[in-house]
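S.K.: Mind the numbering: the sequence shown is residues 2 to 354 in the working numbering, read in order.
Hints are computed from structural coordinates only; laboratory data are not their basis.
There could be a bad hint or two in this list.
Stated by the list, open to error - Derived lysine to any residue pairs resembling SDA-like cross-links, with alpha carbons at most 20 Å apart:
1. Lys164 <-> Gly258
2. Lys170 <-> Ala198
3. Lys164 <-> Ala50
4. Lys164 <-> Thr95
5. Lys170 <-> Asn257
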Amino acid sequence: MSDFVPTKEQTAFQRVISSQPFWVTIALIALVMLMTAMEPSFGTSENVANVTRNFAPFGIMALGMTVVIITGGIDLSVGSIMGLVVIVAGLFLTWHYPWYVAFAMGLFSGLACGAVNGFFVAYVGMPSFVVTLGMLSVARSLAVVFSANQMLYQFGPDAPIVKAIGQAKWPRHGPEDWAPHWIPELSSQFWTMVILALIVGFVFNFTAWARHLFAIGGNEEAARLTGVPVDWIKFQAYVFSAFTASVASLLLLGYNGSAINAMGQGYELRVIAATVIGGASLMGGAGTAFGAVIGSAFLEVIRNALLMAGIDSNWQGAFVGAFIVLAVLLGMQTGGKSILAASLAVLMPKKSR
2 MSDFVPTKEQ
12 TAFQRVISSQ
22 PFWVTIALIA
32 LVMLMTAMEP
42 SFGTSENVAN
52 VTRNFAPFGI
62 MALGMTVVII
72 TGGIDLSVGS
82 IMGLVVIVAG
92 LFLTWHYPWY
102 VAFAMGLFSG
112 LACGAVNGFF
122 VAYVGMPSFV
132 VTLGMLSVAR
142 SLAVVFSANQ
152 MLYQFGPDAP
162 IVKAIGQAKW
172 PRHGPEDWAP
182 HWIPELSSQF
192 WTMVILALIV
202 GFVFNFTAWA
212 RHLFAIGGNE
222 EAARLTGVPV
232 DWIKFQAYVF
242 SAFTASVASL
252 LLLGYNGSAI
262 NAMGQGYELR
272 VIAATVIGGA
282 SLMGGAGTAF
292 GAVIGSAFLE
302 VIRNALLMAG
312 IDSNWQGAFV
322 GAFIVLAVLL
332 GMQTGGKSIL
342 AASLAVLMPK
352 KSR
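Please work from the sequences and hints to get the whole structure.
M.R.: Rendered as structure tokens:
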């Protein structure tokens, strides 16, 4: 007699409640409710606006990082690419070029970095860790050299437009605007993140490109044998990661009204953490747009809660590192079970029959 037992396919509801993003969302809601009960100012529209504005750039970058991680790679250069992009755009603004020329040149410099990363990873076959670690150093050094290690802030006649792009809010409070004060004023960074997340979510769910992307992360050699253009798609993944870092950088340029070569320093760890917490697997083959956004939100709420609780901000790095390890632990699989479940099964003795 055959030992084969047919497995019952999960329903959509079962897939949702068994996913990591779902439980991160539950944890996020619980944390927000707890902090609001302990500190009423946590739930005010002003603090909500601050939290959404703060995590939006990381959410934007996490969308690009998710694409790279799905392929089984990693991009350590995103923070340094931000620094290079903001300096290049800032230089063109100080030379009194129109804002759209400055933004285009900044975006081009970021995409060029992504193309270099993609070329060496996809076509030369070098490890993504090595390539992007090298780009982390190169891009940051170029930002320092181009800026002469100075802050750039005299942006010429288009400075008001640049600031308007980065500082725009909707809905607006005030006598001329319709929004009541209990509705938060959401930033342009937040709305940009929402639009990009919807686009990436659509691509992940309804395009052949995304199916190829997940196939590469699942088994690259098998994907290559089935005709998937592995090298080209991996190249595009790193370019897209650089694109999202560039967009976040340009929005922060407008918000800050100045350009410094240190922008984005250390951001790569937080972006990777947000991506992994949101359900992307560092082994490749798994990740969602919603997970990237919710992971970014979760880390920012944790940071905001620590500040409001009066805990030293230097502890933030410890929390981020701990959440990375925990998220990877929950996501890893061994013999059909998560590593955590398998570990508990080993530690807890079985009952004798």
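S.K.: With reference to the structure, classify each hint as holding or not holding.
M.R.: Status of the hints after comparison with the structure:
| no. | hint | result |
| --- | --- | --- |
| 1 | Lys164 <-> Gly258 | holds, 6 Å |
| 2 | Lys170 <-> Ala198 | holds, 19 Å |
| 3 | Lys164 <-> Ala50 | holds, 18 Å |
| 4 | Lys164 <-> Thr95 | holds, 14 Å |
| 5 | Lys170 <-> Asn257 | holds, 14 Å |
When the structure is compared with the earlier hints, no violation turns up for any of them.
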